[in-house]
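Colleague: Sequence:
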Amino acid sequence: MKNSSPALLLATALLASASFTSCVTAKKYDDLSARQKATDQSREAAERQAREAVAELKKATESLNELKLENRRLVNDSAQTGTILRKTQGLYRELSDTYDKLIRNNEKVLANKTADYQKVAQDLARREAELGDLSNNLNKSRSEIDKLAADVKTREARLAELEKALAEKDAAVNALRAKVSNALLSFKASDLQVKVKDGKVYVSLSEQLLFKSGSTKVDPKGQEALTKLAGVLKDQRDVNVVVEGHTDNVPILKGTAGMQDNWDLSVLRATEISRLLTVGGVQPERITASGRSQYVPVAGNDNATNKAMNRRTEIILTPKLDELFQLLDANSQATKPTK
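Letter by letter, the sequence shown follows residues -18 to -1, 1 to 321 of mature numbering (1 follows the signal peptide of the UniProt record, and there is no 0).
It should be emphasised that the hints constitute simulated quantities derived from the structure, not laboratory data. A quick note: this is a predicted structure, and the numbers were derived from the prediction, not measured. A hint or two may mislead.
As the list claims (entries may be wrong) - Restricting the straight-line Cα-Cα distance to at most 35 Å, the calculated cross-link-like pairs of lysine-lysine (DSBU-like) are: (1) K199 - K177; (2) K135 - K170; (3) K203 - K289; (4) K135 - K83; (5) K69 - K41.
Said to hold, decoys possible - FRET-style restraints, in silico, Cβ to Cβ: (6) R257 - L235: 18 to 28 Å; (7) L51 - R75: 16 to 26 Å; (8) V36 - D12: 32 to 42 Å.
Ideal Cβ positions, reconstructed from N, Cα and C, are used throughout, including at glycine.
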């Protein structure tokens, strides 16, 4: 017989199995518990068979002992003793074979159960490793989600600031348009128009209001309009002023003093108007004079009416948007992907 009893081997295997079940999820634990229950049932059957084998062995041993006693009593009876001895020896061999068979069967059952326990233990270890990986991935995902949520919250705050700045800018542009329109109400709509486009206020002055044909000197009526406009703009220190001169496609007369073409005419007219605005109180550093010649028409140069529309001066009023640009730059930097 072996030194360890079957019951001790089973208990040891069960304890080894139980040590691996502490870290699995409830669903997986239920599955393993079911398998463990089946294993326990098999173990109980094996133990029951072992007990029966031990009982049979004990019974056989007792029978053997009785036969041995009987054999000693009959050893002197030659004929009877010989018969009984041979019978006893035969029974002894049978009992020994039965005993060895029972031992082999019991060892085989224990070996099978041990293999099952080892398989369950390996499966538990694998599942535990998988759960560990899943837990690490989940923690990593949660950290990334928390970071994304914080980034979204920051961007929402910046977006709210940007929307507020845009709304304030739009309000400032509309207020500026209203002030300019009110200051220039006395002029005809055909000579002077005020409109908002692309977040800027455009004051369009016709040539008829400002200049005689081919001239760069502003007429008195035009000077009156520019003086009123300057009166509004001089207090609007956060507004930049761009003066653009525009012409039709009719070439200037040859020999016109100081001018070669419509580029010169448009630039000189823009410069003259800029000078009058500074005389009216607008800070010179806020004004930019430019000539666009005939290349930005508002109508086709195919008839007198359209050509008159193209001969114009546009004064473009742009609120300074330093704060808005700072917000846009900060938002752009915040949305750049991190390395």
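Colleague: The structure should be examined with respect to each hint, and the outcome stated for every one.
Modeller: Now the hints, each set against the structure:
| no. | hint | in the structure |
| --- | --- | --- |
| 1 | K199 - K177 | 25 Å, holds |
| 2 | K135 - K170 | 52 Å, violated |
| 3 | K203 - K289 | 21 Å, holds |
| 4 | K135 - K83 | 77 Å, violated |
| 5 | K69 - K41 | 18 Å, holds |
| 6 | R257 - L235: 18 to 28 Å | 24 Å, holds |
| 7 | L51 - R75: 16 to 26 Å | 18 Å, holds |
| 8 | V36 - D12: 32 to 42 Å | 36 Å, holds |
Consistency note: the structure conflicts with the earlier hints numbered 2 and 4.
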